[in-house]
Amino acid sequence: MSHRIFLLNEGHLSKRRSFQKFIILTALTFVGGLIFTMTAKDGNEGKNVSHVFKAFHDCVRPNLEHLKGNYKQFWQLFTILTERCDNLEAYTALDIRTAENQDEKKYVAFPHQDENLTMVTLGIGHDVNAEVKLKELYPNIEFFGADPASDINEDLYVNTLGGKYFQYAVSGTSGMQKSKVYERENYEEKITKHIGVHDFFKNVLHKDRIDILWIDIEQNEYPILEQLHSDGLIDRKGVKICQINVELHKDVFEQKSDVEMMKFHDFVWKLLEDGKYIMMKPYYMKWFSFIRTFIINVSDKECTDLYLK
3 MSHRIFLLNE GHLSKRRSFQ KFIILTALTF VGGLIFTMTA KDGNEGKNVS HVFKAFHDCV
63 RPNLEHLKGN YKQFWQLFTI LTERCDNLEA YTALDIRTAE NQDEKKYVAF PHQDENLTMV
123 TLGIGHDVNA EVKLKELYPN IEFFGADPAS DINEDLYVNT LGGKYFQYAV SGTSGMQKSK
183 VYERENYEEK ITKHIGVHDF FKNVLHKDRI DILWIDIEQN EYPILEQLHS DGLIDRKGVK
243 ICQINVELHK DVFEQKSDVE MMKFHDFVWK LLEDGKYIMM KPYYMKWFSF IRTFIINVSD
303 KECTDLYLK
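Read left to right, the sequence shown gives residues 3 to 311 (my numbering).
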């Protein structure tokens, strides 16, 4: 009899242990799923992002996810993996046009209301053809250009374009720093006077909104791009930048360095997490080691009221 009771108790204990294991496994599965969900969040959860940003994010991010942390492949494959996201239905809210200079095409999201615009060119490079064409398309633009080499650039920007010229290398911080300067049809490495981009916008140009920004400054673009995000230095200074054409370079000052690829990788992922800008029209110039792209602010009301339908 006692032996039978013992066996019954053992059976109950076995069932209880199985049930406890089931509960524990269920709990672990739930917690694991919760952790996965929280890890998968990219910073946009709870943010009031625009439908245009959401369309950009939902198309671009899945194509890049498998390359997160792989800086070299991310750099090499970025344009291939994201170019199919350039014709999303949400982008019909933007009137995107082009203006070409001697060797490239610039993109502009045109305003849908008549308003005076501010445009800034960082790195003139002996060529204002695209700015002149843009002025023909939309005359109500005030032009400001900065380049450390005044020869040719000042004349082009002031006399040909009718803009204002500043002999600065604009980058992340002020001081004497390295620049690649375009002179006599070649780029030369020099130590030049730099001015921080936030200081240039606020204290030199006295502008709180830059409608169109074109950047071609041979690797000094990264310290500027790092300040673009929400709560970045440009944002904290109260400056809104509505749209940007930029060349992102590598191997300018140091050959075969991974630093620029890492900075590009981190910038794109921060863009995807921030909910402020979308990135379009990527173009990879493999032999010259740079990527051209078009960045649009789809978050700040001053910008979106102007060009987002």
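One or more hints might be untrue.
[Claimed, not checked] Simulated pairs of lysine-lysine, BS3-like, Cα-Cα distance not exceeding 27 Å:
#1 265 with 56
#2 192 with 180
#3 192 with 242
#4 180 with 137
#5 137 with 166
#6 56 with 192
#7 74 with 303
#8 242 with 56
#9 137 with 242
#10 180 with 311
#11 311 with 209
#12 265 with 239
#13 195 with 311
#14 108 with 265
#15 70 with 288
#16 265 with 74
#17 108 with 56
#18 192 with 288
#19 209 with 195
#20 108 with 204
#21 70 with 195
#22 74 with 180
#23 137 with 209
#24 204 with 288
#25 311 with 56
#26 242 with 108
#27 288 with 303
Hints were generated in silico from the structure; no laboratory data involved.
Does the alpha-carbon distance linking residue 288 and residue 303 stay inside the 27 Å limit?
-> Between residue 288 and residue 303 the Cα gap is close to 36 Å, so the pair fails against 27 Å, i.e. violated.
Compare the distance between the alpha carbons of residue 265 and residue 74 with 27 Å, and conclude whether the hinted pair is satisfied.
-> Given that 27 Å is the threshold and the Cα spacing comes to 11 Å, the pair holds.
Do the alpha carbons of residue 74 and residue 303 lie within 27 Å of each other, as the hint requires?
-> violated (36 Å)
Mind checking the alpha carbons of residue 108 and residue 204 for me, to see if they're no more than 27 Å apart?
-> Measuring from Cα to Cα gives roughly 25 Å; hence the hint holds.
Has the given pair, residue 192 with residue 180, been kept, meaning a C-alpha gap of at most 27 Å?
-> Judged against 27 Å, a Cα distance of about 6 Å means the pair holds.
Does the alpha-carbon distance linking residue 137 and residue 209 stay inside the 27 Å limit?
-> The hint holds at about 20 Å.
Does the structure keep residue 56 and residue 192 at a Cα separation of 27 Å or less?
-> Violated, at about 42 Å.
Proposed proximity, residue 242 with residue 192 (alpha carbon, max 27 Å) = The hint is violated at about 31 Å.
Going straight from one Cα to the other, do residue 74 and residue 180 come out at no more than 27 Å?
-> holds (25 Å)
Are residue 311 and residue 56 close enough, with their CA atoms no more than 27 Å apart?
-> Holds, because 16 Å separates the two Cα atoms, which is no more than 27 Å.
Restraint status (C-alpha distance of residue 108 to residue 265 at most 27 Å) | Satisfied, since the Cα-Cα distance of roughly 23 Å is no more than 27 Å.
When you check the alpha-carbon spacing of residue 137 and residue 242, does it fall within 27 Å?
-> holds (22 Å)
Comparing the model with each numbered hint stated earlier shows that hints 3, 4, 6, 7, 10, 13, 21, 24, 27 do not hold.
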